[in-house]
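Protein chains: 2
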Amino acid sequence: MTTLFIHVTALTMDGDFSVLRDGFVAVSGTDISYVGAGRPAGEFDRIIDCTGKVMMPGLVNAHTHLPMTLLRGYGGGHDLQHWLNDWIFPAEAGLDGRAVAAGAALGLAEMIASGITCVADMYDWTGSIATQVLASGISANLSIGSTCFCDPADFDPETFRDCALQRAVTEEWHNAGGGQIRVDASIHGEYTSSAPLWEWMADYARAHGLGMHVHVSETEAEHRACLARHGLTPIGTLDRYGVWDVRALAAHCVYTTPEDWALMARKGVACVHNPWSNLKLASGVAPIPAMLAAGVNVALGTDGVASHNSTDLFADLKLAAVLHNGVGRDPSAMTARTALEMATVNGARALGRHTGRIAPGYTADLILLDFEAPNLFPCHDIAENVAFSAHGSNVVMNMARGTVIYQNGTYLTLDVDKIRDEVRRYALPLIFG
Amino acid sequence: MTTLFIHVTALTMDGDFSVLRDGFVAVSGTDISYVGAGRPAGEFDRIIDCTGKVMMPGLVNAHTHLPMTLLRGYGGGHDLQHWLNDWIFPAEAGLDGRAVAAGAALGLAEMIASGITCVADMYDWTGSIATQVLASGISANLSIGSTCFCDPADFDPETFRDCALQRAVTEEWHNAGGGQIRVDASIHGEYTSSAPLWEWMADYARAHGLGMHVHVSETEAEHRACLARHGLTPIGTLDRYGVWDVRALAAHCVYTTPEDWALMARKGVACVHNPWSNLKLASGVAPIPAMLAAGVNVALGTDGVASHNSTDLFADLKLAAVLHNGVGRDPSAMTARTALEMATVNGARALGRHTGRIAPGYTADLILLDFEAPNLFPCHDIAENVAFSAHGSNVVMNMARGTVIYQNGTYLTLDVDKIRDEVRRYALPLIFG
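These protein sequence lines map, in sequence, to chains E and H. Counted from 1, the first sequence has number 427 at position 427 by the numbering used here; the numbering is strictly sequential. So the numbering used here is basically just the index in the second sequence, starting at one, shifted up by 433.
Quick caveat, the hints were computed from the structure, so don't treat them as lab data. Note that beta-carbon positions come from the ideal geometry of N, C-alpha and C, so glycine has one too. Hints may contain errors.
[What the hints assert, rightly or not] With a Cα cut of at most 20 Å, we get these calculated EDC-like pairs of lysine to aspartate or glutamate:
no. : chain 1 : residue 1 : chain 2 : residue 2
1   : E       : Lys267    : E       : Asp245
2   : E       : Lys267    : E       : Asp239
3   : E       : Lys418    : H       : Asp678
4   : E       : Lys418    : E       : Glu199
5   : E       : Lys267    : E       : Asp156
6   : H       : Lys700    : H       : Asp803
7   : H       : Lys700    : H       : Asp636
8   : E       : Lys418    : H       : Asp803
9   : H       : Lys700    : H       : Asp678
10  : H       : Lys851    : E       : Asp330
11  : H       : Lys851    : E       : Asp239
[Said to hold, decoys possible] Computed footprint of chain H on chain E; a stretch qualifies when at least three of its residues, placed anywhere within it, have a C-beta under 8 Å from a C-beta of chain H:
no. : segment
12  : 54-61
13  : 130-141
14  : 164-174
15  : 327-335
[As the list claims (entries may be wrong)] Far from chain E, some chain H residues (derived; all Cβ distances over 10 Å):
no. : residue
16  : Tyr467
17  : Asn608
18  : Leu712
19  : Ser765
20  : His787
Extracted from the complex, chain E is given alone in its bound form (with noise of 0.2 Å):
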């Protein structure tokens, strides 16, 4: 299949912020083949007119967990420790297959018609989810968020039930799709793990060529707590065990030090900033400008629907833009062209994927934004209107990996009221009775 885009004016996300005008873009397959201002030679299999719109690369979701969309809403107003142990774990432990399978459709019929291309989860139930992100088109680096409360001398990797299910997961699982699955290894956190998973889980990433995805000091509590038990921050306690010699996600990083930065910028693990779930949860505001400014690669994730509660990345994106600059008091904290590459380039090169920029081998993963929408217009900087004005509702179109996979408000991968029965019928009645 070839699709050529014509009429496009496109923010590219080169390293420059160049915007082509009244260019085209080509797509052979899964990747695209050509971006310019001449039209490319050959016959093409479909032309996509984009008069009036925006073409950006599709958002890169950073850190979710997309069966959490059941809990949308569920157990308000309480910080994150009351949240976890009394609303959402008693919620989460009634769950099976069937029903995070729904959960996992539904959050990425949300994130598609958003604009969302690419996503990084942590949850169980790898196969459900997998099956489902199969089916919509999008890619998605999958964890399983390991957790060991065990005694070092009962922990045996052969029959530890995490240690068997990311076995278990990365055969069946990794480069699924012919790279639309990726499997990463994971690690809950610090504060619900130990050394035996550590050491055992980073030795499997290394030997099998996986990521890494881990919660990393999100509250002051559990930053604390690890300073107490190792005397090291929860970035230098796992550094010890060999977690950040792959490719590595560390979610969150709100109380993360000086000391953490120069270890991710010289590791190159990234950090996940979810500043919506980090407010609401009432975790803090991680320090962004620092991290960037000691080289760290900052992705951007909306964390889970319990936590956020919707899935609009351009909000996160707003939100990541001007929060650093009205807590800090500097204007210049953070940009417009900042935040946008933290939803796209940045995000892309956290999860190891080739995509994020509109140039020729990349990816196909392409939105198109109704600039003639009254919130669009009128326009005076196309960056600052997709990072302060756009809402995810401005998203016309959504390819994936070379695929429409929505257009004009029609989801052509997901059946939505199938989804939405589903998770009236079955899992909302499963979960609460």
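Starting from the known structure of chain E, fit chain H onto it as the hints suggest.
Below, chain H without anything else, positioned relative to chain E:
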């Protein structure tokens, strides 16, 4: 004209946040005539089935500058004073009444689509704005934002430009459209005016039964300079001239003090919180939880599009609900319900409008949200979903003053294509050449 809404699920915004389920809401003329579980007697001109939707009061945007929609995204990345002096004021110098009308109409279109039914605007060219507001169908409190830099000895209210303008605007527009337009008295800010104007404006407002609209303590520099000049805060300084002796809107209040809050609570001066604008312009984070605790009526505003850069008040509502929790690290500092009050009943009280609540006798400012949309499903708590998950794009009907002005993406009072043409062909060339 009478309308009966059937199968209504409504967040009524009564004091208990009670939800009407599968009930009826009737509208007669501009007012709500019935709310209840049983079908009211009588015939109705129109029946609207609300199955799958949630009804709530239209939102009140209590501080904005409608025509600045023309400057969306213009001059990004600067602090308030540089942004105003080097970018915004020079651009505004080129405006005329026709361009202002085009900008106001564009701003109204964006607001109506996202569920706003009532605004408090501060800008010059009141006639141009009022004409557009009347045509749009929503309600507006309009004020001119008076400034005065002259020597007190030279101040003659008979001839001074902004006094003459206030008189003319009040005579022509106050209570136009049967109260659809109200004129408020106004002082742009303490830092852009002086005592003779404050005294005159306070007397004028009192004599003519007008409200008062003032920018207050938006930046620390403004606040400190006032303390240095007058030995009092802006709230305290203006109080000495009677400015707060009428219903009043104090926009921003980022640097107000406990003494200011006590005065505001005692005199009924509303704070209008503009969280996006304050973050974007690096002004800071207003002490909203403390102001609420002190008994201040806190409403919500988008500020102008030039500093937001959109007018989706659902985004402001969500930010107001989580910002203070995250920055103050207190998960109960603000709740969904408090933020919802700010955007509805508190705003109505601040503007002196009998709206913001679904009850008989209130103005029929009503919106419907599509609760079958993937981002609003499932729903464990209607208030949580509206505050944290809803976007302006979920609004599928906007009824202002008893008239449906927007339905399923279609404007019934505005011609958006014509507005866009007027902006593109007339207003932008006039400002930018």
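Results of checking the hints against the structure:
no.	hint	result
1	Lys267/E - Asp245/E	holds, 7 Å
2	Lys267/E - Asp239/E	holds, 10 Å
3	Lys418/E - Asp678/H	violated, 58 Å
4	Lys418/E - Glu199/E	violated, 43 Å
5	Lys267/E - Asp156/E	violated, 29 Å
6	Lys700/H - Asp803/H	violated, 39 Å
7	Lys700/H - Asp636/H	holds, 16 Å
8	Lys418/E - Asp803/H	holds, 17 Å
9	Lys700/H - Asp678/H	holds, 7 Å
10	Lys851/H - Asp330/E	violated, 39 Å
11	Lys851/H - Asp239/E	violated, 61 Å
12	54-61	violated (count 0)
13	130-141	violated (count 0)
14	164-174	violated (count 0)
15	327-335	holds (count 8)
16	Tyr467	holds, 30 Å
17	Asn608	holds, 29 Å
18	Leu712	violated, 3 Å
19	Ser765	violated, 6 Å
20	His787	holds, 29 Å
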